[in-house]
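The hints should help you fit chain B onto chain A, whose structure is shown.
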Amino acid sequence: MKTGALAAASAAAVPHTVDLGASPLRELNQALHNLPQDTNETAWRVLNPEGRHAIAVGVDAPVTIEIDGHVGYYCAGMNKRAKVTIRGNAGVGVAENMMSGEVRVLGDASQAAGATAQGGLLVIDGDASARCGISMKGIDIVVKGSIGPMSAFMAQAGNLVVLGDAGEALGDSLYEARLFVRGTVKSLGADCIEKPVTDQDREILKGVLSRADMLEEVSVDAFRLYGSARRLYHFHVDNVDAY
Amino acid sequence: MCGIVGLFLKDPALEPQLGSLLAEMLGVMTDRGPDSAGFAVYGGGRDGFSKLTLRAASAASLVDLAHDLGAGIAAKVEGQLHDTHVVVSLPAAAEGAARAWLAEHRPDVAVVGAGKRIELYKEVGLPKDVGERFGLSHMGGTHGIGHTRMATESAVTTRGAHPFSTGADQCLVHNGSLSNHASVRRTLRAKGLAFETDNDSEVAAGYLTWKMREGASLSEALEAGLEDLDGFYTFVVGTENGFAVLRDPIACKPAVMAETDQYVAFGSEYRALVGLPGIENARMFEPEPGKVYAWERA
Numbered sequence: 001m002k003t004g005a006l007a008a009a010s011a012a013a014v015p016h017t018v019d020l021g022a023s024p025l026r027e028l029n030q031a032l033h034n035l036p037q038d039t040n041e042t043a044w045r046v047l048n049p050e051g052r053h054a055i056a057v058g059v060d061a062p063v064t065i066e067i068d069g070h071v072g073y074y075c076a077g078m079n080k081r082a083k084v085t086i087r088g089n090a091g092v093g094v095a096e097n098m099m100s101g102e103v104r105v106l107g108d109a110s111q112a113a114g115a116t117a118q119g120g121l122l123v124i125d126g127d128a129s130a131r132c133g134i135s136m137k138g139i140d141i142v143v144k145g146s147i148g149p150m151s152a153f154m155a156q157a158g159n160l161v162v163l164g165d166a167g168e169a170l171g172d173s174l175y176e177a178r179l180f181v182r183g184t185v186k187s188l189g190a191d192c193i194e195k196p197v198t199d200q201d202r203e204i205l206k207g208v209l210s211r212a213d214m215l216e217e218v219s220v221d222a223f224r225l226y227g228s229a230r231r232l233y234h235f236h237v238d239n240v241d242a243y
Numbered sequence: 001m002c003g004i005v006g007l008f009l010k011d012p013a014l015e016p017q018l019g020s021l022l023a024e025m026l027g028v029m030t031d032r033g034p035d036s037a038g039f040a041v042y043g044g045g046r047d048g049f050s051k052l053t054l055r056a057a058s059a060a061s062l063v064d065l066a067h068d069l070g071a072g073i074a075a076k077v078e079g080q081l082h083d084t085h086v087v088v089s090l091p092a093a094a095e096g097a098a099r100a101w102l103a104e105h106r107p108d109v110a111v112v113g114a115g116k117r118i119e120l121y122k123e124v125g126l127p128k129d130v131g132e133r134f135g136l137s138h139m140g141g142t143h144g145i146g147h148t149r150m151a152t153e154s155a156v157t158t159r160g161a162h163p164f165s166t167g168a169d170q171c172l173v174h175n176g177s178l179s180n181h182a183s184v185r186r187t188l189r190a191k192g193l194a195f196e197t198d199n200d201s202e203v204a205a206g207y208l209t210w211k212m213r214e215g216a217s218l219s220e221a222l223e224a225g226l227e228d229l230d231g232f233y234t235f236v237v238g239t240e241n242g243f244a245v246l247r248d249p250i251a252c253k254p255a256v257m258a259e260t261d262q263y264v265a266f267g268s269e270y271r272a273l274v275g276l277p278g279i280e281n282a283r284m285f286e287p288e289p290g291k292v293y294a295w296e297r298a
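Residue numbers (this note's numbering), protein chains in the order written: chain A, 1 to 243; chain B, 1 to 298.
Keep in mind that the hints are not guaranteed to be accurate.
To be verified - Per label pair, the in silico range of CB-to-CB distance: (1) A:S219 - B:P249: 28 to 38 Å; (2) B:D198 - A:R202: 57 to 67 Å; (3) A:P24 - B:G192: 51 to 61 Å; (4) A:S23 - B:G192: 54 to 64 Å; (5) B:D230 - A:R230: 27 to 37 Å.
To be verified - Residues from chain B that keep clear of chain A, each with C-beta distances beyond 12 Å, as calculated: (6) E15; (7) R46; (8) G70; (9) A93; (10) S177; (11) R189; (12) G192; (13) K211; (14) A216; (15) S219; (16) E223; (17) D228.
Bear in mind the hints are in silico, worked out from the structure with no lab data behind them.
Quick reminder that beta carbons are idealized off the backbone N, C-alpha and C, glycines included.
Extracted from the complex, chain A is given alone in its bound form (with noise of 0.2 Å):
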């Protein structure tokens, strides 16, 4: 028994280590999907990631990888349980789908970040580019830089939190999800307004910030709220020229 958690735990302090320079993706991701619930190979590295596509994607499993590098297009897109750190840039759609666990960019990321993922969470040290939670289904993204232009164009659920600034057209045609922004908004989308920050979206936020870490560095008051007008939910005549 205590050999059997020695054993456990010293494989979680050695990282299985895969250098994609040296051995093909689809392995990796295999390897990745393989993984039974219970898994002691808890902590995996990813080495020469060189921009390739769908690096860890699909990962159904409490383990942490860390990848040291730009990563392409999708990574970790799809995302169950697991927590992916990027030391680097992220591609178009990092954690796009995601279900649950966390995603963590220490870079920069492209377009679409988060798009269409319905949990967990996804912080992004850098900028993100156009489209920034995109459709998001319940997912909170904090991003600690600006982002791009159209970010959260028919958001449904979910929090977007931004501590620099946003592009053009935030929000467009939304739904329900909160876009909690700190510094300016190029312009509003179609029906997206500005709202009151009641307690309850102050609790809400204190909670993305503090399961992002970043409680102490960030006042929760320095944000403004961005929301659904509501006037789109439905087809309504007199609201054709917005369509």
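Coordinates of chain B only, in the frame set by chain A:
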């Protein structure tokens, strides 16, 4: 989907490696465009001389072309053969006569690029093979752009391959598709521009040539394009002294750039830039939608 690469060197020490760096970038973008490939390299140029890049169906039909052309127009013409293309160097004053002679005596030969420094090559086939056929990795220069094509708007032919050149030392590559190219082409034809294909990207190249002929700078021409060209695009445009990048106002097509003290590099995806020296420490950024970026050497 198409792939674009571009490399603008700031450090002259890298100039002999321009072709080999560009060849690697182009090869990586095969996934984005396996139909055809092409590239423009801005190499050496001499004052008073023009370079014409000429293309024919086979190398054999080009072997004697420089000699025949020289005899035909009574000028000193030097030729450098690269597979199905030959780059001829001739006195700039004789360029008009050379074009006329080619049109009359060698209608099978197309002028794909012209200018003081530009050399332009394109063929159907996998990008890596196309690069090797023309010996791209042995070419030097100050800057170059390349394209891998997945055809959407017109046929997979060499004529439909990018880059397109419609003016001296100018060329354009395009990822995307234009929806108003037919009407813009008609307008430009009325203004005297000639088009070789029914390709939408050639219209964009022609549009910029026309704007610059009217006195616009490259940046101004691209700014005007934001109004007049409708559709999806990332353009990379080469001129004698530099290159420029423009994405459509909703940034439909991908683009990533890297800048160091030695170079500015463009790729449709970061993967294309992985082999560049010092890329680990480069300043990486995505060009913003609807904003013109231009680099020129003094």
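In rising order, the numbers of the hints this structure does not comply with = As far as the earlier hints go, not one is violated by this structure.
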